[in-house]
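Trainee: Sequence:
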Amino acid sequence: MEILIWYFANCAGSWLLLSPVLLQACKGIRRFSMKTLHSPSYLFILDEDCILEIAFLLDSSESAKDYNHEQQKKFVLETVDRMKGLQLSSGRTLSWRMALLQYSSTVFIEQTFRNWKGPEVFKSHIAPITYIGHGTYTTYAITNLTQLYMTEGTPGSVKLAVLFTDGVDHPRNPDIFAATADAKHQGIVLFTMGMTRVADEVSNAAKLRLLASIPASRFVFNLQDKGTVEKVLKEMVCTEKYLQMARGTSRPERSKGDAVFRFGEKIW
Numbered sequence: 001m002e003i004l005i006w007y008f009a010n011c012a013g014s015w016l017l018l019s020p021v022l023l024q025a026c027k028g029i030r031r032f033s034m035k036t037l038h039s040p041s042y043l044f045i046l047d048e049d050c051i052l053e054i055a056f057l058l059d060s061s062e063s064a065k066d067y068n069h070e071q072q073k074k075f076v077l078e079t080v081d082r083m084k085g086l087q088l089s090s091g092r093t094l095s096w097r098m099a100l101l102q103y104s105s106t107v108f109i110e111q112t113f114r115n116w117k118g119p120e121v122f123k124s125h126i127a128p129i130t131y132i133g134h135g136t137y138t139t140y141a142i143t144n145l146t147q148l149y150m151t152e153g154t155p156g157s158v159k160l161a162v163l164f165t166d167g168v169d170h171p172r173n174p175d176i177f178a179a180t181a182d183a184k185h186q187g188i189v190l191f192t193m194g195m196t197r198v199a200d201e202v203s204n205a206a207k208l209r210l211l212a213s214i215p216a217s218r219f220v221f222n223l224q225d226k227g228t229v230e231k232v233l234k235e236m237v238c239t240e241k242y243l244q245m246a247r248g249t250s251r252p253e254r255s256k257g258d259a260v261f262r263f264g265e266k267i268w
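Using this note's numbering, read the sequence shown as starting at 1 and increasing by one per residue.
Hints were generated in silico from the structure; no laboratory data involved.
The reader is advised that the hints may include incorrect statements.
Distance condition first, Cα-Cα at most 25 Å in a straight line; then the derived DSS-like pairs of lysine-lysine [unchecked claim]:
1) K65 <-> K184
2) K65 <-> K117
3) K123 <-> K74
4) K226 <-> K73
5) K123 <-> K231
6) K74 <-> K84
7) K234 <-> K74
8) K234 <-> K184
9) K226 <-> K123
10) K226 <-> K117
11) K234 <-> K73
12) K84 <-> K123
13) K123 <-> K65
The calculated label-pair distances, taken between Cβ atoms and stated as ranges, are [unchecked claim]:
14) K84 <-> P155: 23 to 29 Å
15) A206 <-> T112: 29 to 35 Å
16) S203 <-> D225: 15 to 21 Å
17) G156 <-> G118: 17 to 23 Å
Quick reminder that beta carbons are idealized off the backbone N, C-alpha and C, glycines included.
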């Protein structure tokens with residue numbers, strides 16, 4: 001069965017569509033088109049075999065104490081709630097699951113992919129998570145993330161990870177760039193999420209851009225900015241590259257059995 005993929009028209013007044021990340025990783029891309037760059041007439045037809053796996057890496061070191069730690073948890077909860085809105089007109093949902101790790105001088109895997117039992121159970125595990133403290137060893141978080149995907153990831157899935165960090169590590173933290181390079185080699189797409197304005201300082205901002213997937217303009221964010229959840233979700237499930245590729249093409253005809261993928265309201 002093929003699915004016409006569509007995402008909702010209720011985020012900052014713009015239509016959100018599947019991202020190049022998702023499109024490149026999912027199998028069965030058939031055709032796409034649009035009438036105008038900003039009109040709700042852009043369709044994707046994908047085979048129904050795409051699985052989205054998202055991991056969150058919470059900074060629980062001294063740099064994230066108190067309010068910053070709670071902000072990270074709030075971001076995760078809001079992201080889960082937004083993801084719950086994804087649905088098919090056929091009644092089926094996009095297959096997705098999440099994992100959560102928090103790190104300081106050690107790494108705690110709070111929720112594995114294997115133990116995923118749905119969004120509500122996942123959310124119930126977030127509130128009790130307590131702050132660790134100690135030094136910031138981001139490399140350990142990345143290496144544990146990579147291992148988690150290698151042991152529990154679904155073959156062919158879209159692998160996304162949100163790393164919370166201001167870019168300041170303990171002096172003895174191992175080579176972070178080697179760790180992220182290995183993660184990316186394993187097919188993991190990395191988002192970096194600054195927690196405070198410390199992340200905007202020149203050296204830290206440069207580091208976050210290097211840690212994130214390319215282009216950094218699409219994968220580097222800060223919790224202090226407005227609408228961060230929406231911006232990240234837009235990069236997870238919307239596209240700019242494919243909009244440009246589709247310019248001037250005609251709208252594809254729906255074939256019998258196609259289902260519209262929507263958020264909230266029926267498209268047509």
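Trainee: Next, verify each hint and record whether it holds.
Mentor: Hints and how they fare:
The suggested pairing of K65 with K184 is violated, with an alpha-carbon distance near 29 Å, which exceeds 25 Å. The straight-line distance between the Cα atoms of K65 and K117 is roughly 29 Å, outside the 25 Å bound, and the hint therefore fails. The suggested pairing of K123 with K74 holds, with an alpha-carbon distance near 10 Å, which does not exceed 25 Å. Our distance criterion of 25 Å between C-alpha atoms is met by K226 and K73, whose separation comes to about 16 Å.
With a C-alpha separation of about 21 Å, the suggested pairing of K123 with K231 holds against the 25 Å cut-off. For the hint pairing K74 with K84, the CA-to-CA distance comes to about 16 Å; that is within 25 Å, so the pair holds. Only pairs whose Cα atoms come within 25 Å are accepted, and K234 paired with K74 is accepted, the gap being roughly 18 Å. A C-alpha spacing of about 21 Å is found between K234 and K184, which places the hinted pair at or below 25 Å, so the restraint holds.
Taking the CA atoms of K226 and K123, the gap is near 23 Å; set against the 25 Å cutoff, the hint holds. The suggested pairing of K226 with K117 is violated, with an alpha-carbon distance near 31 Å, which exceeds 25 Å. Proximity of K234 to K73 is assessed by CA-CA distance (about 19 Å); at most 25 Å being required, the pair is judged to hold. Between K84 and K123 the alpha-carbon distance is near 12 Å, which keeps this suggested pair within the 25 Å criterion.
Proximity of K123 to K65 is assessed by CA-CA distance (about 21 Å); at most 25 Å being required, the pair is judged to hold. At roughly 25 Å, the beta-carbon separation of K84 and P155 lies within the given 23 to 29 Å, and the hint holds. In this structure, A206 and T112 meet the distance hint of 29 to 35 Å, their C-beta atoms being roughly 33 Å apart. With their beta carbons about 20 Å apart, S203 and D225 fall inside the hinted range of 15 to 21 Å.
A beta carbon spacing of about 22 Å between G156 and G118 agrees with the range 17 to 23 Å that was offered as a hint.
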